[in-house]
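Colleague: Going down the list, the protein sequences come from chains A and B.
Under the numbering used here, think of the first position of the first sequence as 1, with each following residue one higher.
Under the numbering used here, think of the first position of the second sequence as 1001, with each following residue one higher.
Since the hints were made in silico from the structure, they are not lab data.
Note that the structure is a prediction, hence the values are computed from the model and not measured.
Sample of chain A residues facing chain B (criterion: CB under 10 angstroms; computed from the structure):
id, residue
1, Phe38
2, Pro89
3, Ser90
4, Val96
5, Ser102
6, Gly221
7, Ala223
8, Thr228
9, Pro260
10, Leu273
11, Val278
Computed beta-carbon distance windows for the label pairs:
id, chain 1, residue 1, chain 2, residue 2, range
12, B, Ala1323, A, Leu283, 34 to 44 angstroms
13, B, Ala1169, A, Gln7, 25 to 35 angstroms
14, A, Leu60, B, Ser1174, 48 to 58 angstroms
15, A, Leu251, B, Arg1005, 49 to 59 angstroms
16, B, Val1327, A, Asn217, 21 to 31 angstroms
Just so it is clear, CB atoms sit at the ideal spot from N, CA and C, and this is done for glycine as well.
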Amino acid sequence: MIELFFQYLVAGLTYGTIYASVGIGFNIIYNTTGIINFAQGEFVMLGGMTAVTLHAFLPLPLAILGAVLITMIIGGLIEVAFIRWLVKPSVLRMIVITIGISILIREGALAVWGEGVRSLPYFTGNEVSALSLGGVRVSPQVLWSIGVCTVIVVLLNLFFKFTMLGREMRACAANREAAALCGIPTRNIVTFSFVLSAGIGALAGCVVSPITYTQYNVGTGLAIKGFTVAILGGLGNSMAAVGAGFILGILESFSIWVLPTAYKDAISIAILLAMLFVRPSGLFGNKEAMKLKDF
Amino acid sequence: MRTSRYTPAFALLVVIAVIQLLTLVSGKAFYLTQLTMAAYYSLIVIGLCLLMGFAGQISLGHAGFFAIGGYTSAVLTTLDLSAYKDRALVALLTKLHILVSRQDLYGGITLCFHPWVAFVAAVLLALGVAWAIGIPVLRLRGHYLAMATLGFGTIIYSIVLGTQRFGAADVISSVPPFPLGFGMSVSGETALRVPNYYIAWGLVTVVMVLSTNLIHSRVGRALRSIHGAEDAASAMGVDTARFKLYTFMLSAVLAAVAGVFLTHYNGGIGPSEAGVMKSVRYVAIVAVGGMGSIWGTLIMSVVLNFCSLRGYFGSYDDAVFGAILIVIMLFAPDGIIGSDLRRLVKMVMLKFKSSHGDTEAPRKA
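This is chain B alone, in the form it adopts within the complex:
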């Protein structure tokens, strides 16, 4: 019996539905809010897992990409252009529905960019930034790469803090819902909690399926060879620089998308989302999940983000993630789920095969 590579994705869908039903039955539907947010954070972590676990490149600046996505979206959808509505360009954009008018909290009419336009802009910006810094940064290795990406994250953070337009130390609030069509939208309204839970997790499932496909493709093999031995991979004709750059850009876009959706879901974004601790937290989650196991990473991401968002760690939130980093790296550098689960699966498969008289199996192992 060969399990399809899509089996885990189906299992994920089932688990998603079961959890929703459980919260419904137990009357704890409010858990769904944190689960939705955890889903968006998981998008970043999946991207980072592809970068760290498969391309073998560390990034301590992914909160920066999240912030690029979130802030681009937040600024464009709250930037009021109604004062300029007589200008030809603004009028044209309004006619093209790139600018839409809506009522703000105080009853005034504002003219802002359509969320989809902001979304496209955010993704393009993240792609561009990742491309521009990826080319020089990815030439570096080890400590240099870690410090360079940490530096990138810090620059984004201080730009956010130092710019009035980004709210400086304050939160950009009253970001409108993100319309998806069919009467659905990404927003934090209580009435839309269940649909939003499914939207977020549907997105995660799609990304997981795409990532699994990527890992099992030619590109995935190339990436793993880079992780294993970059020089050897290069000697075998793998264009290491290009594959590293593409993975970096892919993970940046995932982080930016997560930033856009979470900002619309929360209705705002604050500078703490761009902080260095956030980047470290994502790295910690990938480490716990077992570098190179996207399913392990997803599971740990949901568990840890959910606990953190529910406030189970109290004021020791950052300390918990620091301790996790140390403990995992000291005692189980392959992650807690990654190594054991894989060993277990391998053992079961071996038993299964040998009981069917498959002589090749033990030799392979």
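Next up, chain A with everything else stripped away, as it sits in the complex:
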């Protein structure tokens, strides 16, 4: 029984990392633009799919690097083509545009890769290899995904604190007009925020691909999960999104204990709806969110 408990916990953590990375991606773009990018989940899918394709003729690390770079370029192009030149677009308009983008990416992926389910090979070992952690058997890939998520979070933190570009992004998030007046190229910052969150999504997509598999249509589900996580943590707060991601992943994986698997997705949406009604400012509170607003 206790073993089963830990198995569910580990599964929850794995899904938690991917939800967290989608949530972070949402937050990065939200902070610089005030837009929720509904196509965020598609970046995860694109990353996984491209890496699988590249892996056919490249070693795994290079394939992943290539996939992340390609997805970043796509993210940048999307911003330049669809978002950059709009003057003060309304929220409704932006929602509809990003939904349209996500549909186009998905249909494009369907045309390129077909309906097949793909996955990368395990980074170390294979499907059956497992590490024994105090009696609980854990796939090394789970450690990979948790590790990569941690590295992303730490690097992001350092990036926002200590680099010029990171500081400019924070300035942009705090007050776009003031940032522009200080000579920060806000347009380019917005483009960069799309590039950055596309890259994070793609990397997450590669890391979890061996466990969760990748298919052309996983994006929408991930977008809803990621949004749930972003809301749960408080919109705009990336660190809280990580915590919320793990909470959601674990809740979901334990829900299988009491509910049919088909309802698993309904759980997160029910949490999202409940959260939106009760505390739209997020679990980690209004005050804290305000304080953490500039990371």
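Position chain B relative to chain A; hints supplied.
Modeller: Just chain B now, kept in the frame of chain A:
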């Protein structure tokens, strides 16, 4: 010359009849099937147009309401209770004609709910659900509202997929015809194709007339004020929460009614009707029609649904609607018919007025 607000409705009736005659003359009566289905889909879109264009609230979950209508009707009219026919309650319901017996495909006698009972149940259920989720959801704005309604649609979809009674990933089939009286019924039989075309489009015309009246009433003005500036409307004494909720419920009922009739027309319903892409498609149609122009929306709904149902978009069906969304929102956020048609009408009216020496007209414009 002042055109009545009912002129477009009369024009619609004429067009409906002309199209039917054209298909008759050209021997392409099979087009009527898709036109009938397009009519039912248009009901949802009209409701969504009232919600998006007039109350200014987006909903990415309207396929959910369609599914509530369709599935309630499909389940109740195919649920065989003949095994319980000795129970007192079942016997009573049978005596009241709430349960009716009919022959199934294999010659057996089944005892199911009357389609009208199922219809009432479906509408009440949609109303109840819309009310229950509308109260909390409509407090939200922008992204939150979009995601909450998208979430609602997804929940309905996964409930349908996860429940055996709803056929799970399969289609609920052999839904009986829907009797309307006077020997007419909503069903997909080829012999009834022409009457069904008129039934569907008659329903659309009625809904269009009612919607036009609603828009031009006190309620319509209140709704537009909410769309324009919710806080200002609230300050002027408009009960914004109530009007938003009522519009949401109205559009939910229209979607449910469309679901009921289309299910009876097709003889079944499958989970794809509840999918998120369907909801997005309805939003796309409202966007193309020009948010806030129910006639523009109706025209685009018929054109796009008809093309989609005839399979003109091939396997790029969803991609077409995605592209439409982007292009319209980027280049013509007022819709292609909405803005231009209105500008044209205004220009013609102005010319007409100024040629009659009406000095007030230019100032108004």
